[in-house]
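Asker: Read off the chains here:
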Amino acid sequence: MANTAPKTKALNSKATQTILAFASLVLLIIIFTIASPNFFRTDNLVGILLATAVNGILAVGITFIIVTGGIDLSIGTVMTFGSVIAGVFITMWGLPIPLGVAAGIAAGAFCGLVNGFSIAKLKIPPFIATLGMMMITKGLNLIVSGVKPVYFVDTPEFAKIATLPVFGIPFGVLIFFAVALVASFILSKTILGRYTFAIGSNEEAARLSGINTDAWKIGIYSLGGAFAGIAGIVMASRLQSAQPALGAGYELDAIAAAVIGGTSLSGGEGTILGTVIGAFIITVLTNGLRIMSVPQEWQMVVTGLIVIGAVYLDIVRRKVR
Amino acid sequence: MDQLLIRMQGIEKSFPGVHALSECKFELTQGEVHALVGENGAGKSTLMKILSGVYQKDAGSIFLRGRETEIGNTKHAQSLGISIIHQELNLMKHLTAAQNIFIGREHNKRVNFLVDDREISEKTKKLFEMINLDLDPRVKISELTVAKQQMVEIAKALSFNMDVLIMDEPTSALSDTEIEDLFRVIRDLRAKGKGIVYISHRMDELKQICDRVTVMRDGRYIDTSLMKDITVDKIIAQMVGREIYESAHSHGDTEKAEVVLEVKGLNRGRKIRDVSFKLHRGEILGFAGLMGAGRTETARAIFGADAVDSGEILVKGKRVSIKHPKDAVANGIGYLSEDRKAFGLALGLSVETNTVMASLMKFLGPMGIVDTKKTRATTVDYVQRLKTKTPSVEQVTRNLSGGNQQKVVIGKWLVRDCDILIFDEPTRGIDVGAKSEIYKLLNELADQGKSIIMISSELPEVLRMSHRVVVMCEGRITGMLRAGEYTQEKIMHFATMRNN
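Going line by line, the protein sequences match chains D and B. Under the working numbering, the first residue of the first sequence is numbered 1, with each subsequent residue one higher. Under the working numbering, the first residue of the second sequence is numbered 1001, with each subsequent residue one higher.
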């Protein structure tokens, strides 16, 4: 491609995209530190880390799905479904915590499996299939919980999953980092990761190469669901309760995090590191604006603008190619 | 004597409504480059897709090294040593060359679920060395030129230990030096005893690279000859060899009539190169050429659907600026796309709505309300004039036949007062009976003083309808033929004339 000027080439490079996102994050932190003395304080920074954990785990999961060229609108309410199932197992049925945790994650994975089946086998467009799953889980959350929060009253240890400090860092944050590391390994080093990119890049070519693309897609959506389940556990532990009405809207923050981090909505491109940075950008922004006493309604406006800006950047990158 | 690799005989294949292949045969020996040629739709690609497992034959047999073989799917074909490189390359552009070549075979030998990028990079390097390709296996496909991507496809075929390589129009997007590189690789493979099927429209290339040539026409086998024993003219004669249709139109001399449209030096990337021509009042100007010759691109550029790099358009002697289809329409130019369903009609709406859609402003009453009496009267008028068969003007256009849908589109542009009509494949998907009606209609429009550009890939149609014929090849006009001058052979000759 002789006409690829060095400038556009630099803009195309995935590494540059990640560096760009990281630079924006640092810039935001600097701005908020100058603007408010309360921002760069340990308790606030820990708060940011913990707040990022939930959205970050969701965003890491959805990165896989977006790289295949798909989308999952259900991960927010599926996350809540994971919390509610854990609450039912632990509080309502009095089962051991590990079993409850496993059940919550499995519930998320199952929702992802159903999504994957609808998309790969029934050929329902991902947008519609997962929109349906979002409504289904939203309803199930209320039904299963009896339309009220499930509190982990008898098991105070459950709260430690998210909050137990390890060298001053809450355990939930460590879970997030561990999840991100594992996900990064899966995406770059395993067959699953390779086929995720292959499907997102050219599904037909992948299929003609003898890859069972349907099965892998189901697997990838299940993985996204499992990540949503993990996020649900961290969420429930942090709130010491499963809040059945929560969850809707979280998927949008997760999608936004992935896109800001350089994952292409048309598939084939994306990194976990970029997504993690994207997730931090969103929390830092929300947190910083709140500390600067920007009303919540304006925080939403700003976040919305950022998302549009990030997607526009995605389109611009595509055009210069 | 060279060993026979492939023998196909009595191959039959039908698609819904089309008998694509009948009694086709084909042979390929070791160390041979075998050209497969024919007009658009002659069945070359279908036959090769059967050989490579993309399609299943309905009847006939395929012998691989003398043993009768059923080829189940592409993967099976690959394991038998048969690889195909499609015209549209089948690569994953976000993945690297090595990752593409070994997709599905990248497992680490010890840990099955991990990918072994180092191993496949090394293997890829060896494959690249086999075809003397200097390329980093870790470079992403999206960063490669089409020529390099093709080399990656060849390397992929080699990685399956292929004996038979089918190449469908491999040079259509390559520059001259890239073609030389490709030929070097092909000669190299031939020397190693591989059999290569070479589908191409470019006659001069066949002479350079091929040992034998098989001609197909209308889904049938015509002949196989040694390349050194046959001339290009003879091949073309075999390709077009059907009887010439009688001209239904009095091919009068239209060149003395007023020039209504003049195009000067139109350029758009590699698709349109220095295209200039004149269209006269009452003329049907045929645009002939093979697929991808740049005819549709030229039409779209004139209509303002795509931006051009340079060039002038004059309507009735006046220079006009056409940046958007609305500018073209304002200048009386209408474009009837080959894909009526996607671009020409709102299928869910009525004949009436479609007919007046492009000219609603003409039907506005006071208060900006559409005067439905007027739209009704106009539509009824055009339905009668064009003899559109529809139960009523309220009929939803989806329920009309292809020919009648085409008439509705024509009516739409006539209501809009277009004097210059560009028809892109006007009879595609229309059954034979309705075709002659469309032909009659085009002739009538021309007699009424409308000027028509007719893009068609069907040579008999071009011969039958046109006052003059423009022939395009690779974005350039390679021939301009007057009435009485053109024959199928001449058009084919210009349509396959490669430029430098």
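Read the hints as simulated data drawn from the structure, not as lab findings. Check each hint, because a few of them may be wrong.
No farther apart than 27 Å at their CA atoms in a straight line, the calculated lysine-lysine pairs in the DSS-like style are these [stated by the list, open to error]: (1) LYS1075(B) to LYS123(D); (2) LYS1341(B) to LYS189(D); (3) LYS1075(B) to LYS121(D); (4) LYS189(D) to LYS1125(B); (5) LYS123(D) to LYS1256(B); (6) LYS1140(B) to LYS189(D); (7) LYS1316(B) to LYS1341(B); (8) LYS1126(B) to LYS123(D); (9) LYS189(D) to LYS1490(B); (10) LYS1341(B) to LYS1192(B); (11) LYS1435(B) to LYS189(D).
Which stretches of chain D does chain B cover? Using the computed rule of at least three CB atoms under 8 Å from a CB of chain B, they are [to be verified]: (12) 206–212; (13) 306–313.
Note that this is a predicted model, so its numbers are computed, not measured. Beta carbons are placed, not taken as given, at the ideal position from N, Cα and C, and that holds for glycine.
Asker: Each hint: holds or not?
Answerer: Verification of the hints:
For the hint pairing LYS1075(B) with LYS123(D), the CA-to-CA distance comes to about 24 Å; that is within 27 Å, so the pair holds. Proximity of LYS1341(B) to LYS189(D) is assessed by CA-CA distance (about 45 Å); at most 27 Å being required, the pair is judged violated. Among the hinted pairs, LYS1075(B) with LYS121(D) is consistent with the structure: their alpha-carbon atoms are about 21 Å apart, no more than 27 Å. Using a Cα cut-off of 27 Å, the hinted pair LYS189(D) and LYS1125(B) holds, with the two alpha carbons roughly 20 Å apart.
Distance check on the hinted pair: LYS123(D) and LYS1256(B) sit about 59 Å apart at the alpha-carbon level, beyond 27 Å; violated. For the proposed pair LYS1140(B) and LYS189(D), the alpha carbon gap of about 17 Å is at most 27 Å, so the pair holds. A distance of roughly 31 Å separates the Cα atoms of LYS1316(B) and LYS1341(B); the hinted pair therefore is violated under the 27 Å criterion. The straight-line distance between the Cα atoms of LYS1126(B) and LYS123(D) is roughly 40 Å, outside the 27 Å bound, and the hint therefore fails.
With a C-alpha separation of about 58 Å, the suggested pair LYS189(D) and LYS1490(B) falls outside the 27 Å cut-off, and the hint is violated. In summary, the hint linking LYS1341(B) to LYS1192(B) is not supported, as the alpha carbons are separated by about 49 Å, beyond the 27 Å threshold. A hinted pair counts as satisfied when its Cα atoms are at most 27 Å apart, and LYS1435(B) with LYS189(D) does not qualify at roughly 58 Å. Against chain B, the stretch 206–212 of chain D contributes 5 residues with a C-beta closer than 8 Å to a partner C-beta. That satisfies the three-residue criterion, and the hint holds.
Check result for the stretch 306–313 of chain D against chain B: violated, 0 residues qualifying (beta carbon to beta carbon below 8 Å, three or more required).
This entry does not satisfy hints 2, 5, 7, 8, 9, 10, 11 and 13, going by the numbered hints stated previously.
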